[in-house]
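For the protein sequence lines, the chains are A and B, in the order given. At position 186 of the first sequence (counting the first as 1) the number is 186 in my numbering, and the numbers step up by one without a gap. At position 2 of the second sequence (counting the first as 1) the number is 2 in my numbering, and the numbers step up by one without a gap.
In case anyone wonders, no lab produced these hints; they're calculated from the structure. Given the structure is predicted, the values throughout are model-derived calculations rather than measurements. Careful: at least some of the hints might be erroneous.
Each pair may be met inside one copy or between any two copies, as identical chains are not told apart.
As the list claims (entries may be wrong) - Quick list of in silico lysine to any residue cross-link-like pairs, SDA-like style, CA-CA up to 25 Å:
#1 K21 - I151
#2 K245 - N22
#3 K302 - D325
#4 K190 - A220
There are 2 protein chains.
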Amino acid sequence: MSEISSLGEFGLIDRLTDGLKNVNESTLKGVGDDAAVMHYGADRDVLVTTDLLLENVHFDLTYVPLKHLGYKSAVVNFSDIYAMNGTPKQITVSLGISSRFTLEHIEELYAGIRLACEFYGVDLVGGDTSASHQGLVISITCLGEAARDKIVYRDGAKPTDIICVSGDLGAAYMGLQLLEREKVASAGRKDFVPDFSGKEYLVERQLKPEARKDIVKELAEAGIKPTAMMDVSDGLSSELIHICKQSHTGCRVYEDRIPIDYQTAVMAEELNMNLVTAALNGGEDYELLFTVPLVDHDRVSKLDGVKVIGYVTDENLGCAMIARDGGEIPLQAQGWNPLKGEKED
Amino acid sequence: MSEISSLGEFGLIDRLTDGLKNVNESTLKGVGDDAAVMHYGADRDVLVTTDLLLENVHFDLTYVPLKHLGYKSAVVNFSDIYAMNGTPKQITVSLGISSRFTLEHIEELYAGIRLACEFYGVDLVGGDTSASHQGLVISITCLGEAARDKIVYRDGAKPTDIICVSGDLGAAYMGLQLLEREKVASAGRKDFVPDFSGKEYLVERQLKPEARKDIVKELAEAGIKPTAMMDVSDGLSSELIHICKQSHTGCRVYEDRIPIDYQTAVMAEELNMNLVTAALNGGEDYELLFTVPLVDHDRVSKLDGVKVIGYVTDENLGCAMIARDGGEIPLQAQGWNPLKGEKED
């Protein structure tokens, strides 16, 4: 890393943050002092969330381009702020950089982070940069804001509320399976060209997810405030259980209402995997899962990209999926266990 | 890491955050949702800073106890907030945990973080926990607050301002040399007992630094607002150059006014190192370096634990130390280069 270490930390930061412009009124002072300075209006609450991404635990640079990685690292944080019904405003970015990375690599990563910031209207206000003996380390913290009466927690679901989810589920997980398959196929073959034809959506969902800013906007415009909301990062099943546990409720979701893309279904067939299991437990969808009062049923049903998948019940009924044959299958949190660093079986 | 992975991320977080109580009015919702929620008064600005600490780059677990490491990881962030003349209020803690750590290890680390939070009145409001294939990773972000007209940046120093520093310098660096020496001496010897007698202060400065909350309070009580301030983490020389560069000034500091503890001097003698070089470039002192208008000279001179070490000059005079013999020695930023992961020579 001679090139980077010869720049030094401050030289590198200058280079990476060159030309940054803060677009939010709440950002008073960005990169360049002991701390960044913000001011939010008196009627605004401040939201903070953070994500740590480690090479070979959360991403594999064999098939993840650095620019995509930067974009995704920022977006997963924005998603957490939208999941509170808030708006992301600032991020800090800390990087641990191992010696095999050149300045151009880190500029690629930063280009992705900056692109995400631009697209979502977020200011990059600080961070920390260090050598790593341990592969690439990315730690991003995001600040956001919301009016107090608009914030949606996980614990507000009530029996008879209806359960909604945006977009479709399981595609990012299937994208990961596809990328892993092509990685294995390419091993030792320099001329290998991976074949993603007809599966572009899966690859995109894995490598370049978006946060559902549009859904938060739609809900606001329709005058709907969810009673509970979170983003689907660990799998629908796991997130439903979280909401129900914190809200002291149960739930029922209908198997045939779970939104699944055609490409996801084809890939599951190819891999001989259970499609619904993949959609329930796959994770990394970054869709919004939320509950609304029954009275909002008609209005929420009309929203673009939102699907009603079930309803909230009394706590003693537990969490279950109603299968196509009418039978009830208890939901289990089989999602990503980040402490194992791999999917659980 | 069977014990930890069997708890799962949420079980582990529940365990580590058990009994946490938020003490700050600004903390509305801590651990347990997609994001934490804060509210600062309309007259308050929000400060944010972040630090990434990597095993074998920033700390060596051969001689750093996990509880001390946790304490220090939090305190270095608080120090950045005090360096803005602010008050730290909330932190988020992200951990990457490799498989050699048990639950008890992580509880020790957290005990140190929680102790620091308690001592400095800071709420632990969130974080992220993950497996690491790469040694221990600690990423802490701190939020703080300050009234807008109290915030002190690095760029406000003016010619004729006087330069002050709190505490003493070089001891943490000497503590590191001592710990490294004892590590080498202990290699392969199970019965080895390190000898720190008469050098306890050096070890404490390295392993359990404190942030200068007391100095920020003293300054406020004395009605003194520094024109520029930062904390000394990379060495006095490097920090003076930062302030002068950003303020478009030069500076003169007097060699014989640089505060150095007796133990630091003894250790430098033992190691045959230049004492002033160690004090100028050692780093990790976490003292406050600040400038005040000349008119505050008498008031600042009376403050406990603060020493006047020099004055600010016009930019074209550059940054220099006035040696005991009256000669001028240009200051150089020879401090810690975190991109090399080791001290530069």
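Hints, verified against the model:
1. When the C-alpha separation of K21 and I151 is checked against a cutoff of 25 Å, the pair qualifies only between copies, where the shortest distance is 22 Å, while the shortest distance within a copy is 28 Å.
2. Taking CA atoms no more than 25 Å apart as the test, K245 paired with N22 passes between copies only; the shortest distance there is 22 Å, against 39 Å inside one copy.
3. Taking CA atoms no more than 25 Å apart as the test, K302 paired with D325 passes in neither setting, with 27 Å inside one copy and 82 Å between copies.
4. For a Cα distance limit of 25 Å, the shortest separation of K190 from A220 qualifies neither inside one copy, at 51 Å, nor across copies, at 66 Å.
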